[in-house]
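Enquirer: With the hints as constraints, model all of the structure from the sequences given.
Protein chains: 2
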Amino acid sequence: MKSNDNSKNITWHEHKVTQTQREKILNQKGCVIWFTGLSGCGKSTIANEVSFLLHKKNKLSYILDGDNIRHGLNNDLGFSPEDRSENIRRISELACLFADAGIITITAFISPYRKDRQLCRTMMNEQNFFEVYIKAPLHVCESRDPKGLYKKARAGEIKQFTGIDAPYEEPENPEIILDTDKFTVNECAQQVIDVLDKNNII
Amino acid sequence: MKSNDNSKNITWHEHKVTQTQREKILNQKGCVIWFTGLSGCGKSTIANEVSFLLHKKNKLSYILDGDNIRHGLNNDLGFSPEDRSENIRRISELACLFADAGIITITAFISPYRKDRQLCRTMMNEQNFFEVYIKAPLHVCESRDPKGLYKKARAGEIKQFTGIDAPYEEPENPEIILDTDKFTVNECAQQVIDVLDKNNII
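Sequence lines, in order, name chains A and B.
In case it helps, the working numbering puts the first sequence at residues 6 to 207.
In case it helps, the working numbering puts the second sequence at residues 6 to 207.
Heads up, a few of these hints could be off.
One copy or any two copies: either way a pair holds, since identical chains are not told apart in the list.
Unchecked claim - Straight-line distance between alpha carbons at most 27 Å, and here's what the computed DSSO-like set of lysine-lysine pairs gives:
hint: 1; residue 1: Lys61; residue 2: Lys187
hint: 2; residue 1: Lys120; residue 2: Lys62
hint: 3; residue 1: Lys157; residue 2: Lys61
hint: 4; residue 1: Lys157; residue 2: Lys34
hint: 5; residue 1: Lys203; residue 2: Lys62
hint: 6; residue 1: Lys21; residue 2: Lys152
hint: 7; residue 1: Lys61; residue 2: Lys29
hint: 8; residue 1: Lys187; residue 2: Lys21
Rather than coming from a laboratory, the hints here were simulated on the basis of the structure.
Note that the structure is predicted; figures quoted are calculated from it, not measured.
Expert: Shown next as structure tokens:
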């Protein structure tokens with residue numbers, strides 16, 4: 006049916022699809038699982054295991070991490086305190102959009118500053134925000150040193166490295182603490198799944 | 006099963022969930038539908054109608070537009086040529102992430118510069134990128150003027166307004182051209198659905 010009434014065409018009622026409607030298709034709730042911890046603590050590894058366990062349950066998740074953010078959206082940012090904050094601000098905005106889309110969104114960044122992590126929490130419905138502290142002593146992370154970054158930081162080749170010459174502010178009230186020194190990757194991931202289950206996310 | 010072998014815990018094989026696996030859950034392909042056109046041409050209205058028609062088919066889509074981007078992720082950017090380009094660069098990165106998540110991603114921005122729109126195309130698998138030119142003559146858009154922006158631009162209260170004192174570069178080879186002067190909103194949206202269907206996105 007054609008019409009020559011242009012204004013009528015364009016100011017037509019908008020059928021906006023809501024977050025709740027998207028979640029119904031997905032049979033899950035959109036949320037943000039915010040992993041924080043030192044370099045080498047196991048954030049990416051556990052994030053991938055959580056995503057894998059969710060996939061086995063036919064749940065849609067997506068990981069935001071250094072691989073897909075630092076080299077893309079945030080490739081104009083460095084590691085100064087200001088750039089770290091802007092990095093986390095953008096990731097927070099991004100994570101909220103993904104959660105709004107209905108996706109179980111997992112962020113895996115050191116995110117060393119308390120106020121930056123708090124930002125994402127305040128942007129979200131707090132019931133759908135889960136801060137996960139991946140706990141591992143500095144000496145353990147340093148002994149793992151999967152990318153050789155601690156060695157470079159100790160040699161002064163990398164400046165402002167968290168835990169060496171830049172601070173890490175431990176979470177005060179995270180929803181989950183994962184002790185990677187005591188549990189396997191799978192056990193840690195399962196603890197996250199259990200919390201999602203209890204909170205009716207999945 | 007607990008383990009005290011820390012390095013074994015953390016360098017454990019990573020089960021990465023792929024785009025293809027996510028698409029299988031969703032029964033659709035991730036893609037970017039890039040709407041471009043003058044202010045008032047009908048981008049947001051048609052985007053919402055496309056999203057609504059997809060939802061009726063149980064397909065997951067998400068709209069990136071001024072409402073959720075300019076006030077959030079890109080709230081540090083203005084309307085100078087440089088800021089417009091950075092705006093579109095970030096939206097391109099974002100749209101690629103959403104498509105990677107398996108979502109039918111609809112962007113609704115004026116995006117006046119050809120090279121900026123081209124950027125997203127080159128970042129994507131080109132088969133999953135659809136540039137949609139929402140065509141409406143300037144005088145029609147100006148007569149609609151839903152937000153009163155043309156009036157302000159003509160009065161000099163808004164500077165660098167596309168079509169008035171800033172350029173709009175028409176797409177040269179868009180996948181879809183929608184003539185909002187001839188078709189209803191629903192007819193325009195249906196043309197987009199048909200192209201997605203033909204290209205095995207849905």
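Enquirer: How would you classify lysine 157 and lysine 34 at a CA-CA limit of 27 Å: within, between, both, or neither?
Expert: neither (41 Å within a copy, 42 Å between copies)
Enquirer: Reference check for the pair lysine 21 and lysine 152, CA-CA at most 27 Å: within, between, both, or neither?
Expert: Between copies only: 19 Å across, 45 Å inside.
Enquirer: With identical chains treated as interchangeable, where does the CA-CA distance between lysine 203 and lysine 62 reach 27 Å or less: within a copy, between copies, both, or neither?
Expert: For lysine 203 and lysine 62, the Cα distance is within 27 Å only inside one copy (15 Å; across copies 30 Å).
Enquirer: Reference check for the pair lysine 120 and lysine 62, CA-CA at most 27 Å: within, between, both, or neither?
Expert: neither (34 Å within a copy, 42 Å between copies)
Enquirer: Using 27 Å as the alpha-carbon threshold, which applies to lysine 61 and lysine 187: within, between, both, or neither?
Expert: within (25 Å within a copy, 47 Å between copies)
Enquirer: Checking lysine 187 and lysine 21: alpha-carbon separation at most 27 Å within a copy, between copies, both or neither?
Expert: between (47 Å within a copy, 23 Å between copies)
Enquirer: At most 27 Å between alpha carbons: which applies to lysine 157 and lysine 61, within, between, both or neither?
Expert: Neither: 38 Å inside a copy, 54 Å across copies.
Enquirer: Check lysine 61 against lysine 29 for me: Cα-Cα at most 27 Å, and say if that holds within a copy, between copies, both or neither.
Expert: Intra 19 Å, inter 12 Å, cutoff 27 Å: intra and inter.
Consistency with the previously given hints fails for numbers 2, 3, 4, ordered from lowest to highest.
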